[in-house]
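**Student:** Chains as they are written, first to last, in my numbering: chain G, 423 to 1027; chain A, 8 to 300.
Quick caveat, the hints were computed from the structure, so don't treat them as lab data. Remember, predicted model here, so these are calculated numbers, not experimental data. From the three backbone atoms N, C-alpha and C, an ideal C-beta is built for every residue, glycine too. There may be inaccurate statements among the hints.
To be verified - Rough simulated footprint, nothing fancy, chain G against chain A, three-plus residues with beta-carbon under 8 angstroms:
| # | stretch |
| --- | --- |
| 1 | 96-109 |
| 2 | 227-240 |
Unchecked claim - Here are the computed lysine to any residue pairs in the SDA-like style, where the Cα-Cα straight-line distance is at most 25 angstroms:
| # | chain 1 | residue 1 | chain 2 | residue 2 |
| --- | --- | --- | --- | --- |
| 3 | A | K88 | G | A718 |
| 4 | A | K126 | G | S560 |
| 5 | A | K40 | G | I660 |
| 6 | A | K88 | A | S174 |
| 7 | A | K88 | G | P724 |
| 8 | G | K878 | G | H850 |
| 9 | A | K40 | G | L789 |
| 10 | A | K88 | A | Y218 |
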Amino acid sequence: MTAQRFRRLATLIAVALLVCMPLLSDDLYLQNLLIMTFLLAIGASGWNIMGGYAGYISLGNSAFLGLGAYTTGILAVRAGLSPFVGCLVGGLVSALAAALLSLVTRRTRGMYFVIVTFATLQLLGVAAATWTGLTGGSQGLALPLPTWDLSYQNWPFYYPMLALLAVTVAVSAWVRRGKLGLGLFAIQDDEDKAAGLGLRTALYKMIAFVLGGAFLGVAGGLYAYYVSFLNVAAVFDIVTSVLIVLAVLLGGRGTLWGPVLGAFIVAPVSNLTSTGLGGADSGAVRLLLFGGLLGAVAIFLPRGVLPVLQSWFRTMVARRSVGTMTDDGAETAGGSSNLPDRGSLADRAELTDVLAVRGVGKSFGGLRAVDNVDLDLTAGRVTGLIGPNGSGKTTLFNIIDGTVPTREGRITLRGRGIERAGRPTRAHLGLARTYQLPRLFANLTVIENIVVPERKFAFGRLWTKRVSPAERQRALAILDDLELAAHADGSPADLSYGQRKLVELAQVFWLDPVLVLLDEPAAGISPALSERLAGLVRSLRRRGVAVLLVEHDLAFIASLCEQVYVMSRGAVIAHGSVAEISAEQVVVDAYLGDSVVPIPAEGHA
Amino acid sequence: MIALVQTLVFGVLIGGVYALMATGLTLTFGVMKIVNMAQGAFLIVSTYLCYTLWDQFGIDPIVAAFIVMAPMAALGLVIYKVVIERLQRIDPGLTIVATFALALVAEALLALAWGPNQKTATPEYFNQAIHLGQLVVPRGQFYACVLAVVITVVLQVAVKRTWLGRSITAAAENPEGARLIGVEPARVGAWIFAIATGSTAFGGAALSFLYQFTPDTQDVWLGLTLSVVIVGGLGSIPGAFAAGVLLGVAEALTTTYVSVRWATAVPALLILVVLTIRPQGLFARTTRQDAAS
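Chain G on its own, in the form it takes in the complex (with noise of 0.2 angstroms):
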């Protein structure tokens, strides 16, 4: 609490000497000092939501900054459109190259992304440097004069930039407060995991990536009639996109706050090289300050300064109150299942086809992963998938769910096929998976783990907050059945193996889906959980679900399911029930030995 107050009263005070700052002193170099901390400060907050709540780093950003100066300036010189106005088309211009950014990298991961906004940076300085008819080429771009009287100073760029830094600032704690940020941790932490969850992750980068661009785009127009001349070296320079990454970077990349206190202390120091350094060498050793003070930050601050500072703070104000925590956990509310129970769908559903595989396959090369494999899922009931390791289960899964992708076969969920679509798409329409290892978002608290989960996209739904009253009741049920209430605001790393195998279950759960695919679920928990498991896959069938169920444990599969289909080498072998299936010499052969000792019947409730 005390931390909270301390940080509102000082952003206030803050604030308040912005605004005063050109009413007090009349220094033209230190309003020029703080116009441009304010332009760094926008850009490296609006990287801030792509590069530090979503991990997508860009080393392009610089290009939202000439793009908005480069229609601002045309617009000013060739239309006569006032640059006030033309900065905005200026944002608009560069959210729509943002855009068509996100198309570019939709179907590629991480590290491409740095690679796709590096090449448009320089394609786009090729192209301002050759389109000279345009903007000028090398001459450069000359923009009318401000036409005001003197005595305002730099007023009019100066509010303007500063009203825009608090706009970007607080759009960036909208989002990080609410369904959107939510979303781009996870993205950040697990994308894979995230899609599979249902969140349309290329929509939420597309907005992450386009919110950044168009306040750059706009400072970039501001600026371009600040400096009233434009010439392409200097407003497509790479080492602008660098200034911004170091910004967040020392700042404390993810935080609020962090690229806005990097931007007041890169700005200075480069305003200070440009001024103060003379000679041939000036530029080299700019370069050599900014690529050092780059390196030494990744390498020996990766965290930033804002992060470091609160853990010191927290450490301080943990050793003075030690003993006052309350237990928030205490209440619970009994034996009672509160997993939402559906159990008139479950009577309306029964005997339902839910999931139809018809002549699946995959190759890897030369290696027949999955071959020409039939399966039928009907809702309320526990199919059991069996064989030997590597004998295609995993790759099924991963072809059912839409991690990977096949030309070989068609599947239908609900009547529809989904053989081409994408993995939120799936989720959408109630498929949901758990993994061999538990996958949860680290960067995320437990309880936020398992709101993520959504079953349609609602672009208003993105700026509600990250938990919202009535869901925090309803996760806190959940996890009250799982007696994890009191690791409900917890990060999921202190989480036990076993633990986190329950948590991506109520992942599951919060899905509300019609079909789960769990890969191995009692591998390596204890038996007392592994017990709680099944009382949840129960739970699933009573809802009625269809699940399917890979595991090497039999007892487990036997004490479940209704039916088992056997794979090796890709191909399902056979398929019946358990009883069928053990008697079957070829399922014998191929997975469970001589040895084997027939399953009591009775296992099947």
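Knowing the structure of chain G, use the given hints to seat chain A on it.
**Tutor:** Using the frame of chain G, we list chain A on its own:
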């Protein structure tokens, strides 16, 4: 017609050189999944070293490459140990940032040491040409292309046939499995990185007499080598060769039929186009990826 054939000849010759320049990146990016944004800087450092050996001692740049190889490999080893290994564990994104920072530092140091002016090595063959009928084959480009073929073939054989090569592939595809059979991925990584930076000596040597160079061209070469690797598909040396030739021909065609200035945009354009339509590269095949999950 003869102009077209001539353009294609230029394209193929220069394409081989592009493949040579990108071999280091093919190994680090393609095999180790490390985006080394300092590839262009390593190349241009090698170029300056080869140029200096030629300028001061009259050593032919191609011969100089064999001398420069050793210090470059050592440099790569040090950088791997000090920077990459550490950052790759925390966050691969930081590796990208740090290597780019390294590139800026290298560019600055080169500018301080050699000045910002254009330089080029001028061994006697640099402006001579072989005439085949109406076709002109510049000797410099021809030698550079032969060097490129030899070096890439040697590297390809090394990766496919030697123990180290197989360890590299193993460690890249399945680090845990590699560790189980006694291949330590970190140590293999250091080796790959050293080989990758060492091999820039040859690309740099070719660059030194084919182009006029300045320290600030490092990001142009970075863009070009990234383009070769992305078009060719990660980790594939033959793919890189095909991509280099494709890029060379595309640039030569653009230069002849559009304009020299737009030719510089070709690598960046190819990156964007290929990543949009076929992210795995034009010459790559898909492999099983679920083992890691």
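**Student:** With reference to the structure, classify each hint as holding or not holding.
**Tutor:** Here is what the structure says about each hint:
no. : hint               : in the structure
1   : 96-109             : holds (count 11)
2   : 227-240            : holds (count 6)
3   : K88(A) to A718(G)  : holds (15 angstroms)
4   : K126(A) to S560(G) : holds (23 angstroms)
5   : K40(A) to I660(G)  : holds (24 angstroms)
6   : K88(A) to S174(A)  : holds (19 angstroms)
7   : K88(A) to P724(G)  : holds (17 angstroms)
8   : K878(G) to H850(G) : holds (6 angstroms)
9   : K40(A) to L789(G)  : holds (24 angstroms)
10  : K88(A) to Y218(A)  : violated (32 angstroms)
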